[in-house]
Amino acid sequence: MLTKRIIPCLDVKDGRTVKGVNFVNLRDAGDAVELGAMYAAQGADELVYLDITATVDGRSTFIDLVRRVAQTINIPFTVGGGISSIADVSALLHAGADKVSINSAAVRNPDLINELSLEFGSQCIVVAIDTRYIETENGFEHIVHTHGGRKATEIRSIPWAKEVEERGAGEILLTSMDTDGTKAGFALELTSTISGNANIPVIASGGAGNMEHFYDVFTEGKADAGLAASIFHFREIDIPDLKDYLQNKDLPIRMTR
Amino acid sequence: MKTVIIKYNAGNVQSVMYALDRIGASYLYTDDEAEIRSADKVIFPGVGEASTTMSYLRNVGLDKVIPSLKQPVFGTCVGMQLMCRFSEENNTQCMGIFDVDVKRFPADAGLKVPHMGWNNISSYQSPLTAGLPDNAYVYFVHSYAAPVCEYTVASCDYALPFSAMLHKDNFYAAQFHCEISGNAGQQILENFLKL
Numbered sequence: 001m002l003t004k005r006i007i008p009c010l011d012v013k014d015g016r017t018v019k020g021v022n023f024v025n026l027r028d029a030g031d032a033v034e035l036g037a038m039y040a041a042q043g044a045d046e047l048v049y050l051d052i053t054a055t056v057d058g059r060s061t062f063i064d065l066v067r068r069v070a071q072t073i074n075i076p077f078t079v080g081g082g083i084s085s086i087a088d089v090s091a092l093l094h095a096g097a098d099k100v101s102i103n104s105a106a107v108r109n110p111d112l113i114n115e116l117s118l119e120f121g122s123q124c125i126v127v128a129i130d131t132r133y134i135e136t137e138n139g140f141e142h143i144v145h146t147h148g149g150r151k152a153t154e155i156r157s158i159p160w161a162k163e164v165e166e167r168g169a170g171e172i173l174l175t176s177m178d179t180d181g182t183k184a185g186f187a188l189e190l191t192s193t194i195s196g197n198a199n200i201p202v203i204a205s206g207g208a209g210n211m212e213h214f215y216d217v218f219t220e221g222k223a224d225a226g227l228a229a230s231i232f233h234f235r236e237i238d239i240p241d242l243k244d245y246l247q248n249k250d251l252p253i254r255m256t257r
Numbered sequence: 001m002k003t004v005i006i007k008y009n010a011g012n013v014q015s016v017m018y019a020l021d022r023i024g025a026s027y028l029y030t031d032d033e034a035e036i037r038s039a040d041k042v043i044f045p046g047v048g049e050a051s052t053t054m055s056y057l058r059n060v061g062l063d064k065v066i067p068s069l070k071q072p073v074f075g076t077c078v079g080m081q082l083m084c085r086f087s088e089e090n091n092t093q094c095m096g097i098f099d100v101d102v103k104r105f106p107a108d109a110g111l112k113v114p115h116m117g118w119n120n121i122s123s124y125q126s127p128l129t130a131g132l133p134d135n136a137y138v139y140f141v142h143s144y145a146a147p148v149c150e151y152t153v154a155s156c157d158y159a160l161p162f163s164a165m166l167h168k169d170n171f172y173a174a175q176f177h178c179e180i181s182g183n184a185g186q187q188i189l190e191n192f193l194k195l
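The listed protein sequences correspond, in order, to chains A and B. In this text, residue positions in the first sequence follow UniProt numbering: the first is 1, and each later residue adds one. In this text, residue positions in the second sequence follow UniProt numbering: the first is 1, and each later residue adds one.
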């Protein structure tokens, strides 16, 4: 049975993870490759590496890191942050990334999604949707944000999710800026609406604080994968424990121990 | 031992090379017929769309070379589909090593397509699966699949049972991506190189 995926996200700056981590068994917890390898060994189903400075600084992405990750780990990984052209994607895929995630560039130029999926195949094109529930002239709506969630657009998130699928995205990485960092749980209703409408997988992100939140997002939220960062980095949740918990609640989970 | 990865317009095969690096295997990445024929093991990877890759193989003559190989050949993902008779992906005539047609997952089964993620394979009967635990999980990304047939040596379920692995004579194939399928995928690659 196709399993629900658990995905740690590593925010990277200058090749190093930036959110604090406290893994005592790692020689260098800031080493993004070593941390990723440890997550893979623990049973993470995929990894996401996000170059968090790229969009803001216009800095080109982190090819060397991607190459070292691909050489080291034997599970799929997605890279994102500041990707805006076919050339960017080509370089990252050739360095060994399995998928790339685009956000601001897709909002700026939606045709880029079509171009990338034709050039490289839908399977490796993830569209990240950062969304926030804000007041508009039509009342409160889920609105797409760019630039790491700082900049509101005029695009409504729910139809945008359908549009990116129709344009050839292979997967959606849905981050609720409302729940992100709260540890109060994923945005279940929005995730359920978007994933229920979609014929492509949806990764839910933002708000995970405990193991039950993952159960909720896979059931009520209809998500195909759950992503989190600091709760894994700070070992508030250990991936093997999380997978045991979810399997004991009868969800399809890839067990590795 | 000489291992060749067949070079064609297959998209990104970098992760296949890295996977071989991790198990300490050396390889040659080439489309040269003489090099391919003299290899001990041939890997035919695939990422892409069936019709354009098949027409590329025809243009360079690899569509005749691959089915005539005598050494162990391992096709993965689209590589496996191109070794079948026909693919519904843009109605493509393929190489016909396995006499089975590749079909699109049904849209009306209420399941997302592509089939993307980790799924368990079962009913192994291949030397490539030696040492694998029961119901091992491997990583799939595909919208088309070969149904279970006489060449099926491992199966998987998504909407319907389908062929996760095929085997006929010296030809081996896997629908999933061994190179990113964790320890199970690594074991399968090692088993192939040990044949």
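Treat the hints with caution; some may be incorrect.
Have a look at the derived ranges for each label pair, beta carbon to beta carbon [as the list claims (entries may be wrong)]: (1) B:L160 / A:K151: 38 to 48 Å; (2) A:E236 / B:S51: 42 to 52 Å; (3) B:N59 / A:G181: 32 to 42 Å.
To be clear, the hints were calculated from the coordinates, so they are not data collected in a lab. All C-beta atoms in this analysis are idealised placements derived from N, C-alpha and C, irrespective of residue type, glycine included.
Hints versus structure:
| no. | hint | verdict |
| --- | --- | --- |
| 1 | B:L160 / A:K151: 38 to 48 Å | 45 Å, holds |
| 2 | A:E236 / B:S51: 42 to 52 Å | 49 Å, holds |
| 3 | B:N59 / A:G181: 32 to 42 Å | 53 Å, violated |
Hint check: a violation occurs at hint 3 only; the rest are consistent with the structure.
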